[in-house]
Amino acid sequence: MAEIKTILEVEDLCVSYGKVEALHHASIKVGEGQIVTVIGPNGAGKTTMLCSIMGLLPHTSGAIRFLGQKLGDAEVEQMVSLGINLVPESRALFGEMSVGDNLLLGAFMRHLAGHRDHEQIMEEVFQIFPRLKERREQHAGTLSGGERQMLALARALMAKPKVLLLDEPSLGLAPLIVREIFRVIADLKKSGVSILLVEQNARAALQVADYAYVLETGEIALEGASDQLIDDPKVVESYLGLGGKR
Amino acid sequence: MDLQIALLLGQDGMTNGAIYALLSLALVLVFAVTRVIFIPQGEFVAFGALTLASFQAGKTPGTLWLLIGAGVVVALVDVTQALRSGMPRRILRIVGWNLVYPAAAAAVVFLLKPGDFPLLAQIVLALALVVPLGPMIYRLAFQPLAEASVLVLLIVAVAVHLALVGLGLLFFGAEGSRTPAFSDASFNLGLVTVSGQTLWVVGASLLLIVVLFAFFERTIYGKALRATAMNRTGARLMGISTVMAGRLSFLLAALIGAFSGILIAPITTVYYDTGFLIGLKGFVGAIVGGLASYPIAAAGAILVGLLESFSSFWASAFKEVIVFTLIIPVLVWRSLTTRHVEEDE
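Quick note, the sequences are listed as chains A and B, same order.
Take the first sequence: its letter number 207 is residue 206 in numbering that gives the first Met the number 0, and every next letter is one higher.
Take the second sequence: its letter number 268 is residue 267 in numbering that gives the first Met the number 0, and every next letter is one higher.
Honestly, I wouldn't trust all of these hints.
Stated by the list, open to error - Which bits of chain A does chain B cover? Going by a derived footprint, with three or more residues having C-beta under 8 Å, they are:
hint, segment
1, 65-76
2, 92-100
3, 103-115
Claimed, not checked - Calculated Cβ distances over 12 Å to all of chain A for the following chain B residues:
hint, residue
4, 7
5, 85
6, 87
7, 144
8, 197
9, 219
10, 231
11, 233
12, 236
13, 237
14, 239
15, 305
The set of hints was computed from the structure by calculation and includes no laboratory data.
Being a predicted model, the structure only gives us computed values, none of them experimental.
Where a beta carbon is used, it is the ideal one built from N, C-alpha and C, also for glycine.
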């Protein structure tokens, strides 16, 4: 991936909760327009990594670079203004607000920056998720699990992100909806968004990604192009099960 | 008691209730957004009323000095922080709001003799002096503790309240003040005479409630405040900073407080420490609304106003006791009817 410009780089990142180290010298790179996935078991530190990149959690050492520029102790708001958006595992929707208002607030940073094209972006987002248009006036709290995940993704898209950090987008969803979410992720890549995807659903993640890292107990255990990793015997054994590549 | 007295008491209760309703809305707002139980809410009532009274007496209100002093401290803290985090572009804005603005206010007070202004201009100037204190107090007292527990924030709120009451005594003295009524008109409605000031209070409160409602429902900043109250992390991920939301909610709380003070100044004599009791009655209303529901809080506050006015007729020595005892059945009722929902953060 040498010829692709790196948009987001994480170098030697260490994060601790008190004395417990959750992330140990992890380094990853996301190329512009690529989908990069981090797979690994529960508790490996995947969510910690995303939260730390986003500035929700402080890191003890290491560096995070955006387009080559080192971000110091960047606050979440600063990351959003750079065009980096996180869709957290909890979705973090505004349950007592309408779907439309949730989407509008997705464009809050753009509004602060003086943009007034929310309606147009919202129409584009509705093209991707027509179901949300039908539900526009409904409270976000009344949506089904799949619709919530769609809304969380759609809300992040309202910010016109350059880099999208996705934390377990398939968690707790029915297989049909998982397929739809991954189809959207693949489409987003075509529209030029770089994506860092954290997943337990290793097979789906590897199928959609260009490059992959395997995170185990806070350390990068393995990395490589995803079409190679999907055939790697260790990955097959630990994460893909006996079925192997299908 | 005959009907005429009942109507009089009702009118009185509605007038006070309207003020309590405004304050209860401010308390719910501040708590929902910042988790601060804003005990100093009442001080803004007293400061608003007494600043207006100072203008009318031809004196320089002490709140001007507080504005200048707080502005200098905030500017020092914020400029240091801006330099340390390598964002010197912020300095212009910090200096503008915290040094230039208070200086401009001082220039108006000293050069233009606000004692001769028409009432409306005096009111605007009084608001201009008192309202910016809200975000400044947030910056100095609460922003550094944004992640602290509700209890810690409450204790800080009590400390801020005590400090402001002390400053109020220093600025305005122990004497109470009353300002002239907005209008001397009164209307005969059969049995009762409704004073013009009552209509002003109720009308202005209703107007402010409508404006606040429109702000929360229709504007992106209002929605951002509600979003912060619902899910702080979610809001931050949209770029809605907790600090911005906190300052905005304190600005609104200070505006509501000072505005309420200006409304009641012609009805009751306001002392430097009057605000506390008024704020507490707004708090009883806010408790009725569970510190979460705006309409129930407002309704509860009006109930407090009516209860207060009728109990002052039947048992005037116990009127405060009766009003504050209302909290107990309300808490029992709330704890029996509401299910506790774990916050997912």
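Structure-based check of all given hints:
1. 65-76: Answer holds; 5 residues pass the 8 Å Cβ test.
2. 92-100: holds (count 6)
3. 103-115: That given contact holds, which follows from 7 residues of the segment 103-115 of chain A lying within Cβ reach (below 8 Å) of chain B.
4. 7: Non-interface label stands for residue 7 of chain B: nearest chain A Cβ at 41 Å, farther than 12 Å.
5. 85: About 7 Å separates residue 85 of chain B from the closest Cβ of chain A, which leaves it inside 12 Å; violated.
6. 87: holds, 14 Å
7. 144: holds, 17 Å
8. 197: holds, 35 Å
9. 219: Residue 219 of chain B not clear of chain A: closest Cβ-Cβ about 5 Å, inside 12 Å.
10. 231: The assertion about residue 231 of chain B is violated, with a minimum of 9 Å to chain A.
11. 233: violated, 3 Å
12. 236: violated, 6 Å
13. 237: It is violated; residue 237 of chain B is separated from chain A by about 5 Å at its closest Cβ, not greater than 12 Å.
14. 239: violated, 5 Å
15. 305: Its Cβ never comes within 12 Å of chain A, the nearest being 30 Å, so this holds.
Checked against the numbered hints listed earlier, the structure breaks hints 5, 9, 10, 11, 12, 13, 14; every other hint is satisfied.
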